[in-house]
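Peer 1: Listed below, chain by chain, are the residues.
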Amino acid sequence: MDINIQFREEGNLLLGLIEGEIDTFTAPILREELEKIELSNEISVELDLSKVSYMDSTGLGVFVAFYKRATKEDVNLKLVNLSTRLTRLFEITGLSELMDIERGGIGHASI
Amino acid sequence: MEQLKLDYKTILSNYIHNQNERNLYIGQNFIKRLIQKNVTPEEVISIHKQALEDIIEDLPEYTIHAYDFLIEVMVHFGLKLKEHQSLLMKQEELRIEMEVAAKIQNTLLETTIPNPEGLDIGMISVPLRKMNGDYVHFMHDHKRFLSIAVTDVVGKGVPAALCMSMVKYGLDTLEYANSNPSYVLEVLNQLIEKSVDDGMFVSMCYGRYDLEKDIFTWSSAGHEPPLYYHSRENAYYDLESKELLLGILPDVKYSQKDIKLNDNDFIILMTDGVTDFRNREEFDPRQYIKELALSCRHLNAQEMCDNIHKQLQVLHNYKLEDDFTIVIIKK
Chain A
1 MDINIQFREE GNLLLGLIEG EIDTFTAPIL REELEKIELS NEISVELDLS
51 KVSYMDSTGL GVFVAFYKRA TKEDVNLKLV NLSTRLTRLF EITGLSELMD
101 IERGGIGHAS I
Chain B
1 MEQLKLDYKT ILSNYIHNQN ERNLYIGQNF IKRLIQKNVT PEEVISIHKQ
51 ALEDIIEDLP EYTIHAYDFL IEVMVHFGLK LKEHQSLLMK QEELRIEMEV
101 AAKIQNTLLE TTIPNPEGLD IGMISVPLRK MNGDYVHFMH DHKRFLSIAV
151 TDVVGKGVPA ALCMSMVKYG LDTLEYANSN PSYVLEVLNQ LIEKSVDDGM
201 FVSMCYGRYD LEKDIFTWSS AGHEPPLYYH SRENAYYDLE SKELLLGILP
251 DVKYSQKDIK LNDNDFIILM TDGVTDFRNR EEFDPRQYIK ELALSCRHLN
301 AQEMCDNIHK QLQVLHNYKL EDDFTIVIIK K
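Quick note, the sequences are listed as chains A and B, same order.
Its first residue numbered 1, the first sequence is counted upward by one per residue in UniProt numbering.
Its first residue numbered 1, the second sequence is counted upward by one per residue in UniProt numbering.
Pulled out of the complex, with its shape left as it was, chain A reads as follows:
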């Protein structure tokens, strides 16, 4: 299974659309892509997960790592358009209390 991430800039907002399945095999690819993003406190990052059809705890690890880096750099990070299943994953792990997460609906991160 493949994972794909596309970015688009809208002023100070960096929008990322992630597509595919995030598991043990694809998580390192996603991690690398997210690590490439240059963060500075002038930008906000919004990642659209509407096209993520599967994610396991390894995928969660990638977002946790990225969230920690964003927090360190004082960058606003938001995950949007999560499916019910993904939302639940963030909820039972307590991450939804910590990170800015928006389930369902039509976000403006579509590319």
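For the record, the hints were derived by calculation from the structure and aren't laboratory data.
Note that this is a predicted model, so its numbers are computed, not measured.
Every residue gets a Cβ at the ideal spot worked out from N, C-alpha and C, and that includes glycine.
Hints may be right or wrong, so weigh each one.
Stated by the list, open to error - Calculated lysine-lysine pairs in the DSSO-like style (CA-CA distance at most 30 Å, straight line):
{"id": "1", "chain 1": "A", "residue 1": "Lys78", "chain 2": "B", "residue 2": "Lys37"}
{"id": "2", "chain 1": "B", "residue 1": "Lys194", "chain 2": "A", "residue 2": "Lys72"}
{"id": "3", "chain 1": "A", "residue 1": "Lys78", "chain 2": "B", "residue 2": "Lys242"}
{"id": "4", "chain 1": "A", "residue 1": "Lys36", "chain 2": "B", "residue 2": "Lys194"}
{"id": "5", "chain 1": "B", "residue 1": "Lys290", "chain 2": "B", "residue 2": "Lys260"}
{"id": "6", "chain 1": "B", "residue 1": "Lys37", "chain 2": "A", "residue 2": "Lys68"}
{"id": "7", "chain 1": "B", "residue 1": "Lys37", "chain 2": "B", "residue 2": "Lys103"}
{"id": "8", "chain 1": "B", "residue 1": "Lys260", "chain 2": "A", "residue 2": "Lys68"}
To be verified - Not the full set, but computed from the structure, chain A residues with beta-carbon under 7 Å of chain B:
{"id": "9", "residue": "Val64"}
{"id": "10", "residue": "Ala65"}
{"id": "11", "residue": "Asn76"}
Given chain A, put chain B in place with the hints provided.
Peer 2: Only chain B this time, still in chain A's reference frame:
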């Protein structure tokens, strides 16, 4: 080497004079001998060239040049082959090391299921690969309290196993089975948060069972919610919690809740490998497990665990994709 060259000449000569299957077969077997003796591809061509020069007296000059050319270019091929062979050897060394590490892990993380009076406990934990990223820790002071920790480290294989050893020693140093679950999670969180890198974390459900009062006190750190079956009501309760995984932030506070267990009630603790129905999305995993458990509740806790594992293996065509752990405690 000289003998090999002479043998090759004979074999080649026989084949040139009579191109039958037998002569070809002898040649193929001979090549196997050369491989065993680590003869390089370019040396084989060189042997062939010399043999041909001996067999055919007036071999044209350009054919000899062509062979020399082939010998030169095959040197690179030979080097690649050597590299490949040495990689194979290294791979074998690593495989042996992994075997040893897995054995050590099995010894370190060995779990003995306690057998207290008045409570039935069963458990199954099956790693996907050699090393298990799930771990179950029991503590029983042979008095009033018994504790159970069901743990899952993100990721699989060696990194998960190393982290798990740390969790085990953390749990061991807490020593007493009567500690408050929320306290245990708070201490472990501190320990793990200091020691792991950013993408790593541990989920844990920790429960303490009071054998005198039949009260199960539990806390969860980002773990797959346990299932509680209330026999008298014939209903399940999801023991949901939204408290954070271990290892993400320092100084996290956890809460704990009590459940009073009555006869025939049971609690299923599991890891996310049990509820991962990746390729069977038509099923609601937790609902499916509830029904499975209900259908075999007449069995003892261990048989229930084994039975659920077996049924899920069948459902997933014997291709479970994650470490798989279930613990059942049954009154």
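Peer 1: Each hint: holds or not?
Peer 2: Hints, verified against the model:
A C-alpha spacing of about 62 Å is found between Lys78(A) and Lys37(B), which places the hinted pair above 30 Å, so the restraint is violated. Between the alpha carbons of Lys194(B) and Lys72(A) the distance comes to roughly 16 Å, so the proposed pair stays at or under 30 Å and holds. Taken as a hint, the Lys78(A) and Lys242(B) pair is honoured in the structure, with Cα atoms around 19 Å apart against an allowance of 30 Å. A C-alpha spacing of about 25 Å is found between Lys36(A) and Lys194(B), which places the hinted pair at or below 30 Å, so the restraint holds.
The straight-line distance between the Cα atoms of Lys290(B) and Lys260(B) is roughly 20 Å, inside the 30 Å bound, and the hint therefore holds. With a CA separation close to 56 Å, the supplied pair Lys37(B) and Lys68(A) exceeds the 30 Å bound. A C-alpha spacing of about 36 Å is found between Lys37(B) and Lys103(B), which places the hinted pair above 30 Å, so the restraint is violated. About 39 Å separates the Cα atoms of Lys260(B) and Lys68(A), which puts this hinted pair outside 30 Å; it is violated.
Interface restraint check for Val64(A): the shortest CB-CB distance to chain B comes to about 6 Å, inside 7 Å, so the restraint holds. Because the closest C-beta pair between Ala65(A) and chain B is about 4 Å apart, less than 7 Å, the hint holds. For Asn76(A), the shortest C-beta to C-beta distance to chain B is roughly 18 Å, which exceeds 7 Å, and the interface hint is violated.
In terms of the numbered hints stated before, the structure departs from hints 1, 6, 7, 8, 11, listed from lowest to highest.
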